[in-house]
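Asker: In the numbering used here, the protein residues as written are 22 to 250.
These are calculated hints, taken from the structure and not from any lab test.
Errors might be hidden in some of the hints.
Pairs of lysine-lysine residues, derived as PhoX-like cross-links and limited to a Cα-Cα distance of at most 25 Å, are as follows [what the hints assert, rightly or not]:
#1 K86 - K39
#2 K181 - K240
#3 K166 - K224
#4 K129 - K231
#5 K240 - K204
#6 K224 - K195
#7 K231 - K245
#8 K130 - K24
#9 K85 - K124
#10 K24 - K39
#11 K24 - K164
#12 K166 - K245
#13 K129 - K245
#14 K86 - K124
#15 K164 - K231
#16 K181 - K245
#17 K90 - K24
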Amino acid sequence: MSKILLVDDEPDILEFLKYNLEANGLEVIVGNNGLEALDKLSENPDLIILDIMMPHLDGYEVYKKIREKEDFKDVPIIFLTAKSEETDEIKGLELGASDYIQKPISPKKLIARVNSNLRKTRINRYGSGELMQLKIGPLLIDKEKYLVNIDGAETFFPRKEFILLYSLAGNPGKVFSRDVLLKEVWGEGVFVVDRTVDVHIRKIRERLGKHFYLIETIKGVGYKFKSVE
Numbered sequence: 022m023s024k025i026l027l028v029d030d031e032p033d034i035l036e037f038l039k040y041n042l043e044a045n046g047l048e049v050i051v052g053n054n055g056l057e058a059l060d061k062l063s064e065n066p067d068l069i070i071l072d073i074m075m076p077h078l079d080g081y082e083v084y085k086k087i088r089e090k091e092d093f094k095d096v097p098i099i100f101l102t103a104k105s106e107e108t109d110e111i112k113g114l115e116l117g118a119s120d121y122i123q124k125p126i127s128p129k130k131l132i133a134r135v136n137s138n139l140r141k142t143r144i145n146r147y148g149s150g151e152l153m154q155l156k157i158g159p160l161l162i163d164k165e166k167y168l169v170n171i172d173g174a175e176t177f178f179p180r181k182e183f184i185l186l187y188s189l190a191g192n193p194g195k196v197f198s199r200d201v202l203l204k205e206v207w208g209e210g211v212f213v214v215d216r217t218v219d220v221h222i223r224k225i226r227e228r229l230g231k232h233f234y235l236i237e238t239i240k241g242v243g244y245k246f247k248s249v250e
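I would like the entire structure built from these sequences, with the hints used as guidance.
Answerer: Below is the structure:
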């Protein structure tokens with residue numbers, strides 16, 4: 022379970038975001054100001070959500086102090102702020118922040134940004150071949166065990182359907198041609214017609230049930246996994 026450090030000086034926002042993060046399977050540590058943010062680093066969060074306008078130390082100052090620590094140079098930090106000026110966003114991104122989100126924000130969008138940054142971190146740290154678990158939207162895909170949980174319920178996927186789903190879900194928004202998917206699943210030098218991919222995609226959608234829409238058809242090209250916002 023990934024651990025999130027959430028820092029904001031507004032109690033209502035803190036409670037609201039904490040609830041939604043935990044409802045999506047994330048462990049949440051909270052802080053009310055910049056000094057608490059630095060103190061809570063001892064709990065080794067995997068990702069930090071940092072408000073900018075806070076007492077004692079603002080978010081920019083906290084960010085700089087966090088990055089001075091060797092163990093936290095690569096931990097993704099998302100700025101969360103009510104500021105809407107473009108210069109504020111530019112300043113945050115120029116510092117090296119992983120993301121910048123303006124309030125008010127929908128919980129679904131926040132979860133999507135958090136999961137996206139956690140995936141990037143795992144891939145950078147271990148290499149794409151070591152990303153054994155993939156959490157995206159209602160799906161939890163375990164590559165090591167070849168298991169898929171949909172809304173918390175385990176669902177069986179045959180091996181080739183599993184690999185297709187994993188390839189698409191691991192790259193949300195990326196369009197895969199049928200040729201690329203054929204090579205990804207069946208390998209080079211194996212004669213399989215394009216229609217085979219379409220049949221497997223249809224079966225995957227059936228297993229996804231009400232979430233079938235997550236796999237989008239790109240007419241004349243192939244397929245992509247819908248970015249979950």
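Asker: A separate judgement is required for each hint: does it hold in the structure or not?
Answerer: Here is how each hint holds up against the structure:
{"no.": "1", "hint": "K86 - K39", "in the structure": "holds (24 Å)"}
{"no.": "2", "hint": "K181 - K240", "in the structure": "holds (22 Å)"}
{"no.": "3", "hint": "K166 - K224", "in the structure": "holds (20 Å)"}
{"no.": "4", "hint": "K129 - K231", "in the structure": "holds (18 Å)"}
{"no.": "5", "hint": "K240 - K204", "in the structure": "holds (20 Å)"}
{"no.": "6", "hint": "K224 - K195", "in the structure": "holds (21 Å)"}
{"no.": "7", "hint": "K231 - K245", "in the structure": "holds (17 Å)"}
{"no.": "8", "hint": "K130 - K24", "in the structure": "holds (18 Å)"}
{"no.": "9", "hint": "K85 - K124", "in the structure": "holds (22 Å)"}
{"no.": "10", "hint": "K24 - K39", "in the structure": "holds (12 Å)"}
{"no.": "11", "hint": "K24 - K164", "in the structure": "holds (21 Å)"}
{"no.": "12", "hint": "K166 - K245", "in the structure": "holds (24 Å)"}
{"no.": "13", "hint": "K129 - K245", "in the structure": "holds (20 Å)"}
{"no.": "14", "hint": "K86 - K124", "in the structure": "holds (24 Å)"}
{"no.": "15", "hint": "K164 - K231", "in the structure": "holds (23 Å)"}
{"no.": "16", "hint": "K181 - K245", "in the structure": "holds (17 Å)"}
{"no.": "17", "hint": "K90 - K24", "in the structure": "holds (18 Å)"}
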